[in-house]
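> Here is what each chain is made of, one letter per residue.
There are 2 protein chains.
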Amino acid sequence: MKITLGRYLWERIREVGTRSIMGVPGDFNLQLLDYIFEVEGLKWVGNQNELNAAYAADGYARVKGAPGCFVTTHGVGELSAMNGVAGSNAEHVKVIHVVGQTLRMMQKNHMMIHHNMGERPDHQVHNKSALHVRVDAAELWDTEKAPAEIDRVIRECILQSHPVYIFIPLDMVWEEVPANLLNTKIDLTPPVDEEAEKNAVDSIKKALGEAKTPALFVDGVTRQHGALEAARELADVIKIPTFSSAWGKSIIDESEPYWVGMYNGKVNRPGVKEVMEQSDIVLVLGNFPSDLNTGSFTRGFDQKSTIYINEYDVEIKGRKLSGTHIKSLIERLATAMAGTALSRRTCAAIPPWPPLAEADSTTLTQDWMWCRFASFLRPYDVILADIGTAPFGVLQNTVPAHTHVIAQVYWGSIGYAVPAALGSELALDELHHETGRPRGRTVLLTGDGSLALTMQEIATMIAKDGVKPLIFVINNHGYAVERLIHGEEAPYNDIPPNKYAHLLPLYNHPDSAGAFRRVETKAEFDKVLQLPALQGDSDNVQMVELMLEKMDMPWMIKEMARLRPGA
Amino acid sequence: MKITLGRYLWERIREVGTRSIMGVPGDFNLQLLDYIFEVEGLKWVGNQNELNAAYAADGYARVKGAPGCFVTTHGVGELSAMNGVAGSNAEHVKVIHVVGQTLRMMQKNHMMIHHNMGERPDHQVHNKSALHVRVDAAELWDTEKAPAEIDRVIRECILQSHPVYIFIPLDMVWEEVPANLLNTKIDLTPPVDEEAEKNAVDSIKKALGEAKTPALFVDGVTRQHGALEAARELADVIKIPTFSSAWGKSIIDESEPYWVGMYNGKVNRPGVKEVMEQSDIVLVLGNFPSDLNTGSFTRGFDQKSTIYINEYDVEIKGRKLSGTHIKSLIERLATAMAGTALSRRTCAAIPPWPPLAEADSTTLTQDWMWCRFASFLRPYDVILADIGTAPFGVLQNTVPAHTHVIAQVYWGSIGYAVPAALGSELALDELHHETGRPRGRTVLLTGDGSLALTMQEIATMIAKDGVKPLIFVINNHGYAVERLIHGEEAPYNDIPPNKYAHLLPLYNHPDSAGAFRRVETKAEFDKVLQLPALQGDSDNVQMVELMLEKMDMPWMIKEMARLRPGA
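Taken in order, these protein sequences are the chains called P and X. Take the first sequence: its letter number 400 is residue 400 in UniProt numbering, and every next letter is one higher. Take the second sequence: its letter number 34 is residue 34 in UniProt numbering, and every next letter is one higher.
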């Protein structure tokens, strides 16, 4: 029996756990989109533009654990999405970008078909532009070889946890391939040297056993490579003082007594640094030493007293062992450490910071707001904070277990979070239906500056069943973090004013008046957080506009800005 | 005396006629933006996102004739804009994309600064991604060499009429260079072989003189290379039957008796093709044989009876002459032809098509609408038609002299026209104040599908003084041209519904109720076109929503779709 190559592609995408396909239709992908509807369980989610599609696929992938997938058309579509894919590349996110290309005869003859450049256009030139934002690509041309190529790059996407491209000329999507190719599943086993992993486990176990004041530090790469559960288990087995980076936030259950706090070099809640500095050995999982993830490079570990478990290798007090894989190694280590006696410190719980002061002042302030916000969160919530003031507000506080804090700590593209919240909602809904786990909320935190870049994706949210994020917009009249860095009063840090009360009705929200609130005082903020609609009891998007002063910022961003290189 | 390199850059940009600088601020360009305010006459126009900035710069360049310029920040910003720059590259538009990069010490040390990718990031990697969408780039690093590099790429931008990049590490913008470098203006003389041009003129003159039924065909490249006035003059001197391509539309004064019509191979108003086919020689200016510019490749000229004046060469009945430049050559030819007797045909005027039928039916239809629309236009108007149904409606009709019809005929990126209309308005205002020519209107024609991609740029329009385009939105419930191509009822061709009455108030329009109209019938359309606000008597954005049926399309797009390759 034969099936079309288009169908084959979507069957493979479904096989690895993806259900929602993002994208924008275009004349070189329309027939490819038809085949999505032939595959049971797959769902087409059209986006408002291609950058938004890329962001949505990224948000979906982070929450679902399966690859995010989106489809664009030749040239115009694929280039529009590039910044989004680059973000997935920077932050180890599994994304498959499927590009519907011009027909092969058009390519061979260098025809001046629209969406190309030049008088004898190379139709593959856009593919070259994307070379630097992906780890692999299937450049389909030969129908016989195409299925294996598709399998190969899906595998690379998952094993490397990075974006890949699939370029498919339109006239290939209806070509036929043997259906029984699907009988063999894509092999997703990471290449691991068993012997190396055993040696690594022994060495780590020995080093930890010899330590008097060992500590565990969990960074974000851990989650991206599927090692989240393993890391939680390990932490729970060894029960030594445990920290996270900004990116590693919410991997570890912060209600456990061994949890200390987020450690960011010189930028921490008071008390955290002191506990870290008393450690004679630190076990670091999935280290990622970028500027905003290290308190502006003020976090560093002494090689002689550090054990790094990286993606594909291990570094024990400066000695490197290769051939390991972060997920399987942490799993093995957790098993090996079970029942092992370790020297354990007891640490006093670190109090929230800053304290809930100024309760008598009515004006809403960021530091007060984020402290109050902490108690609003619930297990299984996804907190999506667009880069700006929000991440530095939300990261400072304790979050419930099984939450997922997402901020683009490295790539830092403003506008990312709105479409990513769409992806997150689709993923949360799928996870709830597939696994029965509680349906968490997507809590989107963005600023007026960031929202402007991608706001149209709220239309998609409103139109799609089961998508109902809570959108908090920090309205502080422009680009606040930029004002902090340079140009506090400069006109380039202003943005055109918005009347957000019109945003939900513009996109046809069924209860646009009821779903929108504007908050100016602490009391109003407190009250809004208690509304049933914000507790998850709603069927559609909820929006809260937070009126804040221009230069009011979370303490953490002020510290980070002060310490940044070149400042 | 010394000035900063940042100041130097903006002085040079101003020197070549640019006044409005588009872009989005980011932490690696803020100090560079400060210097804009030091240069008299320059104006910062912040955009809502980077793709929109690129589109706005493109629209500005097309209308102003001077380079469009926009500024982005490292990584996230430059990549977001890439599709816009590629469009400028495809369509020969002068755009300067200035990228504020990370500091040189960060680059040298491969620091993990945000907006980069990888653990030892190459900060220049985004520059490589943009290699294929530009003709040149200044990669600034050495302060002493930087001014000459800036001069060089501005020159290349203008002479090649294509986009260039200027990459400037943030710590270079405050470095100092000699102010007197500015005393020597950038040399913008195109390299021309005088002898070759004289020969070419003689040969063309001879060939035209020998012809019995010569014709002139004007294509879009002519305008992009500054040869618009020259082409008009030539047409007026030789007075032979004159045609344009889709892209060449509005270069020639269509009220002249020698004007025949737009010639698009098999896709024309009845009568046009017949006149063209009677020609024994065709003088083609700035030929651009892309699919949508040739009636889906049904327009072609016989080499033996064609004279091509291309950008840098001439082809006379198959014989090639190099070393010419389209602008100077057309100028020379116009001078040489003055007073020359040519065999001239008299052609009957081609009537409008389709006729203004169905006047008794109240439902608004595209074919009726575009015929009525033709008489709404005035000299010096810019008509910006986003790719979709609009260009194929507006192009079929006669337009007044000195109008400028802009549609992305080759690159075809939907969403382009909204930000481009911002650029157009800024340029029209500048041209009016600088030259005293009448202030035309920017008439933006877009669809609900296209508008969704970039709608936030309307906020910028509303906030900026002197920006007041007329926005017509064809609301036909999704992607109409795609429905025509494939998937008439497919869900991927639907978009989330909009209530456009909320769009202007969302962006704080001072008279949002008065400036918005919804049109459902022919009578309403007719009435709206006569409103004083739409005649130019307004201070801010005016918006008209046109309710049209899903599958109602201009006859021309139906023909083009039927004839397209692979259909």
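Hints listed in this document are in silico derivations from the structure and should not be mistaken for laboratory results. Treat the hints with care, since some could be wrong.
List time: in silico DSS-like cross-link candidates among lysine-lysine, alpha-carbon distance up to 25 angstroms [what the hints assert, rightly or not]:
id : chain 1 : residue 1 : chain 2 : residue 2
1  : X       : Lys128    : P       : Lys464
2  : P       : Lys43     : X       : Lys550
3  : X       : Lys43     : P       : Lys550
4  : P       : Lys128    : X       : Lys128
5  : X       : Lys464    : P       : Lys499
6  : X       : Lys527    : P       : Lys464
7  : P       : Lys550    : X       : Lys464
8  : X       : Lys522    : P       : Lys499
> Hints first: check each against the structure and report whether it holds.
The hints, checked one at a time:
1. X/Lys128 <-> P/Lys464: Cα-Cα ~38 angstroms, so violated.
2. P/Lys43 <-> X/Lys550: Distance of about 24 angstroms is within 25 angstroms: holds.
3. X/Lys43 <-> P/Lys550: holds (24 angstroms)
4. P/Lys128 <-> X/Lys128: Status holds; Cα separation ~10 angstroms.
5. X/Lys464 <-> P/Lys499: holds (17 angstroms)
6. X/Lys527 <-> P/Lys464: violated (37 angstroms)
7. P/Lys550 <-> X/Lys464: Satisfied, since the Cα-Cα distance of roughly 21 angstroms is no more than 25 angstroms.
8. X/Lys522 <-> P/Lys499: Given pair X/Lys522, P/Lys499 is violated - Cα atoms ~33 angstroms apart, limit 25 angstroms.
Of the numbered hints stated above, those contradicted by the structure are hints 1, 6, 8, listed in ascending order.
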